[in-house]
Structures are given as structure tokens and as C-alpha cells.
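A.B. asks: Here is what each chain is made of, one letter per residue.
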Amino acid sequence: MTAAWRRRIGARARRWALGRHEPARTLTLTQNRVFIFPTRAGFWFLFTALVILLLGINYENNLVYAVSFVLLSLFVVSILHTYSNLAGLSITALSARPCLVGENAEFELLLRAGRRRTYEALQLSWIEQVPVNCDLIDDTERRVRLYAPATERGWWRPGALLIETHYPLGLLRAWTWLETDFRALAYPRPLAGGLLPPGVGSGERGTVASGRGSEDFAGLETYQKGMSPRHIAWKQLAAGQGLHAKQFVDHADEQLWLDWTFWPELETEQRLSRLCYWTLRLAEQGVEYGLRLPGVEIAPGSGGRHRHQVLRALALHGQASQ
Amino acid sequence: MKAVYQLTRPALLWQLLMVMAVLLPHSLRLPWWLPLMTLGALGWRLWVHLGRTSFPHWSVKFMMAVTAGIGVIMSIGRGNGPELAVALLFAGFSLKLLEIYKRRDALVLIYVAYFLAATELLFGQTLLHALYVGLALLLITAALNAVYQSERHPDFWRPLRASVRLLLPALPLMVVLFVLVPRIGPLWYAPLAREEARTGLSDTLSPGDVSRLTGSSEVAFRVEFDRGRPPRPAELYWRGLTYDRFDGRRWQAESDRALLPSAQQRPASGALLRYRITQEPSGQPWVYGLDYPVAAPWPLRMQANQTLRAPSKIRQRVDFALESRLSSQSDQPLSTFQRQRYLALPETGNERARALALSWRAEDASTEGLVARALALYGAAFRYTLTPERLGADSIDEFLFDTRKGFCGHFASSLTFLLRAAGVPARIVGGYLGGEWNPYESYLVVRQFEAHAWTEVWHEGRGWVRIDPTAAVAPERIEQSAEQLLSTQPGFLADTPLSPVRFGHIGWITALRMRTDALNFVWHRWVLSYQLRQDTLLQKLFGELTLWKLALALLVPFSLVLGWVALGLLRQRRPRAKDPVDAALLGLSARFERRGLGRRPGEAVGAYADRVALARPDLAPLIGTVARLYEQLRYAQVGEARLQRAYQAAVRACVRQL
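Keeping their order, the protein sequence lines are chains A and B. The first sequence lines up with residues 1 to 322 when you count with my numbering. The second sequence lines up with residues 323 to 980 when you count with my numbering.
Worth double-checking, as some hints may not be accurate.
[Said to hold, decoys possible] With beta-carbon atoms standing in for the labels, derived distance ranges: (1) B:Leu490 / A:Leu50: 17 to 25 Å; (2) A:Ala13 / B:Trp620: 52 to 60 Å; (3) A:Arg183 / B:Arg967: 45 to 53 Å; (4) B:Gly885 / A:Leu50: 41 to 49 Å; (5) A:Glu128 / B:Val503: 27 to 35 Å; (6) A:Gly19 / B:Leu450: 51 to 59 Å; (7) A:Gly19 / B:Arg967: 51 to 59 Å.
[What the hints assert, rightly or not] Computed footprint of chain B on chain A; a stretch qualifies when at least three of its residues, placed anywhere within it, have a C-beta under 8 Å from a C-beta of chain B: (8) 55 to 62; (9) 158 to 172; (10) 231 to 244; (11) 255 to 266; (12) 298 to 311.
The hints are simulated quantities; they were obtained by calculation from the structure and are not laboratory data. Since the structure is predicted, the reported quantities are computational estimates derived from the model, not experimental observations. For each residue, glycine too, the CB sits at the ideal point set by N, CA and C.
Let's have the full structure, built from the sequences with the hints guiding it.
C.D. replies: Printed below as a string of C-alpha cells:
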């Protein structure tokens, strides 16, 4: 109950705080961005000071009064220290690595000490993610990698970045939310299964002269009498998926096309996921492959860049690509 | 999502240090086994830290907690509230050591440590205590900082530095709060029940008892006089109590009930003297006033014998403002009851003294005559000594007729006996005589070795009159300071051979001693009993005290101190690289910055050089060299010194050309 309330209030405050500033690539933390409030430990600290004050009052002991006042003053001074442990820090979004939906996208940030030389025990996190700790003690700048699981295909934004610190005494928490213009490309979540239809090679360039070969694995097809028993997919049989034969293509005709129309029974997203699966599969095998989507055609090729191009086309299918 | 923090090694070490600092002073007061248990827990925790053993099972901890709790209650007893509370906290605190693993455990320990450090001040409030507790606060704060310091860069000394940086500005703020926050009385009754043998007069006096006190140079009380200088030394008779009943061996002070307040004997003449007395804990309720106090300020009570008494035994330093007149006059007759009391003697014993008294009376029945004869006897044949011989059953007789050597107790008790035997009401007064003037803070210190006993005699029509028989034997005891007289005596300060009072003949030691005592007194006046002076001080500082003046007095120093802290924290400081190679590059980039050619965050040195070269073709070869040398330096293993020189030269050339 209270946790839910706190979360709702937190989300509200976050929206308000974020609404005050435009997202940018480099941000410097100034006082209108940094919030500060006592932590639970801070309230317990004040409670301790109060108990000591009561002790001083009851025993009319001025030195005990003084101890209580030292604690109160310490609290006040630590407000400044906690604030200055964030103030002046500048954060630059450096790069984001693409990932599959459901995996962690990696974002790289650069922290730069501004006015002060040291920042200690900072915690950076995307909302509701495990924080990453970092310091700027001996150096003036530091790269930090943050991870967040991508939930949707396409350009995926991790949401607001939370930077907080409890240093030096844990009595107060200084924090800020930043809307960075960070985005990572999230490829569709791979969906295993399906077969490449036989003879998907394009006849145009004669690269796949025959759908049948014996060298490279290209998929599975339903086993029919007369097929070589050497090609029986035992693994799939053992998994109870029925009798299939492994399909191979010859090296000479390695070029394959992945086509939007292969699996008409699937929904759009599932179709993209299936294509993604096969893209990864084929890329692993070093086969040259191309992609045909409505309005997009990528010529067969291989290598990391090609793979990224294909996956990017899948990721951005149906979205306004920027 | 929440991360679980384990304590780093420095954090753990700081915890242990803090625990030791907090427990050390308490451990001297607690049952002996409690500090041993703490040491055991400390050892166990260290052993766990070293990986030699594991944390105890919860059942073990539970058993230990129950055992410790019962042990504490049994060995201290439930009467002593604060002692018991501190001991229980102490036990729990020690056992908690076996649990510190996570941040939360550490915080519990730290907050309790703050509290325990404060409780130390209930048991002692000297400057030394305050300094020690200050040190403990520093260590505890360092421990707290260590818990929150970066896990990636744990460091042992950094928390201490942080602690100093936090506490230094906190101190002036504390002083402001200390001065301004109004003091209120206790919210509920909380006695500090500590029975402790204190040096000082007791409620019985047997001849020779007082000499026990000459072994001690402890301060009994200090006095400030309203009009600066005190009266003459011979007038500094500090009355504490009267010994009224004699059982043949010892004199006994009357119980409270027997000394109901009476309006009978009011001091009637003499100049009024105002003074403030600051009494050290004595473990007794007597308050020493110059004879004779005029009235009893709250919460003191005036007794029928014109002494002052506190409502309970004095266990902490206390302050009282008193008024006295130096002579007493009363034309009220002594009541029958009182006359009986001050004439009472045992039925038998000390027959020779009784016979002497009766023979004197037969010659001259007047009180003056009797007193004069007695004093003449003392002056003729007696000697003053701190180490008299032991006396037997008829102590008065033996002293008067055999040994004839003694101390103020002997003289006072024998004189009182003689007077009573002759039918003159008399009593012994216990108190102090004299005092040492401290010129640095203008006050009088009265020490234990100045304890004294004398006699008061009832004169019809004049009231009680002080007779000091010691004066007849050793007049210098009255005119000089006790220290001057007694220092020739073998028993003087026997308990404290190194007491600075012993070295009174060495000037600078005396000066040092007086300065130390003055410091102590100032400490007491302005810190320990600040509540008595707060109103006057605030009035003097701010005149009529209004709410907005108070707020201003709070806000102005706060904003000054905090502004200074903020300035120190946020002041623009040029980023400084530790590595000379990086430092040179930073310097270069700073120069280029003004032409919009600073190195961007995260930009590789090579890419940066390319960009500069594009914008300033004239610099292209130089900046190229810088970049090439930088990379070589970064990856080179050999010839570093030569490369360094070349690199620095290139950077300099680059800056020059710019």
C-alpha cells in the first residue's frame, strides 16, 4: 500500500522534474536540477540527536546539550556536502549499442567533474534498474556503462536517468532525473522455428542453382520417403517435433533471400521475429543473405555491417525511421 | 531495485575503532566481565573478517544477549537508573558487533555510539572529558562516512579527513546553538544515583579525623565575591555543619530532623557579603557558607544551627548565590531543649577533664573567664601537629593531660568538652578555613587540606560566638594559608606526593597551577552551568530579547558559516590531472578552448589533433607530433624519459605558435 503510494508520488515528482528541462546530449547539474531530502537514516539521525537533547535537558547537562547540537550542525553541514557531491557534474551521452528485445541495451555515458575535483559514491540508474556506482576521485572524467532491458522493437529509449548520492554521511539523498536523448536500436525478439521454404534462392543471379546441396545447413523440411537417412534431424525427432530432414545448400549457391511472404500464417511482429531468428542463424553460418520487406530490399551480403543493416530494417519496419 | 551493500574493509575497521573509543571510558566503571565480553566480540568479529570463522548462529547470539542482560541487572542492581541503562546499552552494543555485515547493521551501531558517547558526559564533565568525547564524535563520524564511501575506492584515511571537514564548520554552529537555545528544567525526575566515596568532611568527628583531609589537595569549592576581593583570611571560616552529640569517643552531627529550621538566631550585624559558591561533588548535603548565612536560596534549607543544607547529597558540581554577615548577634535565649542538647555529655568517662572544668568554674563562672582559661592552657603547653599519637578510651583526658599534641579536631573537641562540663553550651563546627586567591579569574579556591574544626560557645545576650582553640596554639594557621603552615608537616599531602600544591615555593609551578584551575573554573562557569548565566549574557548581548532578534542571531552566524563552507566546496577549481602527460594535454586544450578548439568530452587524442589540424593548418605538424608522442607515451614501455621530454617540448611549441 505505502510502497504503491510512494511509487506513484515518485513517478509524479519525476514527471514534474523532467518536464522542466529539455533533453540534451550534455547536461550539467545545477541547483535547479538537483533535489535534496533527508533519507530514512537521516531522520533516525535527527531522532538520535533529539534523544540526546532530552538526556541533556533531564540531567541539566550542558555538555550533553552540546553533543546534541554538534549532531544537528553536522546534519546541516552535510546538506551542503551532499549537494556539492552532485553539483557541477556534467553528463554526456556517448553511445548506445543495439540489442535484441528482452536483452540489455548498453549505453555509454561520460561523467565529467565540473567545478569540483572529486565526486564520490554516485549511483546512476535507469528507472527501476540496478544502479551502477561510480566515482570521480583521482580523475576528472570517467566513462560509465549502463544497461537497461529493451522492451520494444525499434528505437528504444530507456527513460529517465536517475543520478543520486548519499555521500558523505547518508543523512541526505541528493538526486536528479535526466531525460537524455539516448536511444538504442532494439531488434525484434528472435522467434525460433519455421523452415525456409525450399528453393528460396533467387534465380536471377543464379547463385542458388539448386535448392538441394550437401554442404551447408539451410533449414528443415518434412521428411519424405526416399530422402537420405543421413539428413534426418535426430535432435528435432527426439524433441517430439516429428520426422524432419535437414536441408543443405551447396557453397556455390549460398545466397538466400529472407522474404516477408515466407510465413503468411504469422502476425507482423511474429513474422519480424521469425525473420530476425533466421537472420541471426544465417549470419552465424556465414551464408550470404538478402532481405525483402514491403518497401525495403537489401541485397544479399554477409558480415557484421550487413547483418546490422538487415536487423535494423527489421527493427524499424513500420516505424518512421529517423 | 535495491542493492545490498556489504561493508568494505576500511568501513569495518572504522567501526571497530569507534567501538573501542566509545567503550573505553565506560569500561572503567562497568562490571569487570562486560569489557571482557566486548573484547571477545571484537576478536570474534575480526576473526570472521579474516575468514577464520563464521558469524555465530542466531541461537548463540540470543543466549549471549539474555546472559549479558541478566548479568548486568544482577551486578548493578535496578536502583541505579543511568548506570544500568548505560551498561545494558553497552552489552547490546558489544553483541551487535557480531552482526555487522550490512550497511543497516553498521548504522544501528553508529547511532547508538553517538548516544553512548554523550552518556559519558553524565559521569564526568571536565575539560578532558569534553575533549575525549569530541574525539569520539570525530571517530564515529569517520565510521559513518566510511560506510558511505565508494566501494570502488575504499580508503582508510579518507573518512577521517571527511570527518574533520564536516565537523570543523559544525563546531561554530554548535556554539551558536549552545548560546541561544533556551534551557528548560528536567522533564521528569532522573537521579544520577552514584554513591562514591568523596573526600570531604563526614558527619562524625573523632579527634584526628580532620587530619585525614590534609592528605588531599582536591578542591572542595570555589567562591566568587561580588565585590571582588574576599575578606581577610582570618575571617574566612566556612561553616558546614555542627557536631552536637558526644558519645565519649566521637562527635556526631545531628540528624536532619533534630535541626528543624528556626527563626531564632538571625545574624544581626556586620557588613553584608554577597558571593557565589561553586561546590564540587562531596557526596554530602552540606553547603559551606561564610559564617553566618543570612538566608537560604532555593533549594537550600537553613538549619537551626545556621548552616545550609542541600535537599539531597551533592553529586555534581553545583552553584549557589549566598549572602552572609560576618558576625552574629542574637538576644533570644536558648530554648530549654537546645540548652540541654548543647550541654549533653556522656554520663561517665574523661573524669580528669570534668574535674578541671569544674575547678575552673569554681574560680570564675563567667563564660569569658572559662574560655580564657582554656585558651591559656592550650597556648602554654600544647603543640600543633598533623601526626598526633593515637588516643585511648578517655581520649579527651589523654589529649589534655598526656600527649598534648594534636590537630584542630583535638583542640575543638577538648574545648567543647571542657565548656560543656563547666555548664556552658558549646558545639563543634566543621568546615574549612581560608582559601587560595586565584588572581587570574578572581576567585577563591578552598581545598580539602583547608578543612578545619572549631568551637562555638553560647554567650547569653550575644548568641553563638566562634572560638578557635587552634589559634591559641598555632596562630599562623589562621593568619596564613594552610598550605604555608602545613607544608612543613610530614603528613601534609601524603596522599598526593606529586600534587603541584607541594611545590608552592617554585613560582612558575604555582602560576601554572593557578592558571589551570582558573581554566577549569571558567569552564564550569561558562559551559557546565551555562543555564545560570544564559539570561544575563543574552541580555548583555542583545538588550531586550525579542523573537526576531533571536532569529537574527541564529541566522546570521549560520549563513556566514554555511556560506564559507559552500564557497570551499563549490569554488571553481581547474581540473587537475595527476599524470604530467595528461596535465600537459589539459593545459593545451584549455588554451585552444578560447578559440573554440577545446577537446570534446570523450574525444580521442588522434581525432582531436585531426580536428585542430583542419581548423588551423599552420599548427597541423605540431599538433600531429603531440598526438603521435602522446600515443607513443601511452603505449611505450621503453625510453619514456626521452619521449616525455620530446612530448613536453612539442606541447610548448604548440602553445607558443598559437
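A.B. asks: Using the beta carbons of Gly885 (chain B) and Leu50 (chain A), state whether their distance is inside 41 to 49 Å or not.
C.D. replies: Taking Cβ atoms as reference, Gly885 (chain B) and Leu50 (chain A) lie about 27 Å apart, which means the hint is violated.
A.B. asks: Given a hint of 51 to 59 Å, does the C-beta separation of Gly19 (chain A) and Leu450 (chain B) actually sit inside it?
C.D. replies: Given a distance of about 58 Å, which is inside 51 to 59 Å, the answer is holds.
A.B. asks: How about the region 55 to 62 of chain A: do at least three of its residues have a C-beta closer than 8 Å to a C-beta of chain B?
C.D. replies: holds (count 8)
A.B. asks: Given the range 27 to 35 Å, decide if the beta-carbon distance of Glu128 (chain A) to Val503 (chain B) lies inside it.
C.D. replies: Since the Cβ atoms of Glu128 (chain A) and Val503 (chain B) sit about 44 Å apart, the hinted range of 27 to 35 Å is violated.
A.B. asks: Under a C-beta cut-off of less than 8 Å, do 3 or more residues of the region 298 to 311 of chain A approach chain B closely enough to confirm the stated coverage?
C.D. replies: violated (count 0)
A.B. asks: Starting from the hint 51 to 59 Å, judge whether the C-beta atoms of Gly19 (chain A) and Arg967 (chain B) obey it.
C.D. replies: holds, 55 Å
A.B. asks: In terms of beta carbon proximity below 8 Å, does the region 231 to 244 of chain A have 3 or more residues touching chain B?
C.D. replies: violated (count 0)
A.B. asks: Go check the region 255 to 266 of chain A versus chain B for me, would you? Three or more residues, Cβ under 8 Å, otherwise it fails.
C.D. replies: Violated, because only 0 residues of the region 255 to 266 of chain A bring their Cβ atoms closer than 8 Å to Cβ atoms of chain B.
A.B. asks: A range of 52 to 60 Å was offered for this pair. Does it hold for the Cβ distance of Ala13 (chain A) and Trp620 (chain B)?
C.D. replies: Since the Cβ atoms of Ala13 (chain A) and Trp620 (chain B) sit about 56 Å apart, the hinted range of 52 to 60 Å holds.
A.B. asks: Please verify the coverage claim for the region 158 to 172 of chain A: does it have three or more residues whose C-beta sits within 8 Å of some C-beta in chain B?
C.D. replies: Result for this restraint: holds, n = 5.
A.B. asks: Quick check: does the Cβ-Cβ distance between Arg183 (chain A) and Arg967 (chain B) fall within 45 to 53 Å?
C.D. replies: Check passed, 47 Å falls within 45 to 53 Å.
A.B. asks: Has the hinted range 17 to 25 Å been met by the Cβ atoms of Leu490 (chain B) and Leu50 (chain A)?
C.D. replies: Given a distance of about 24 Å, which is inside 17 to 25 Å, the answer is holds.
Consistency note: the structure conflicts with the earlier hints numbered 4, 5, 10, 11 and 12.
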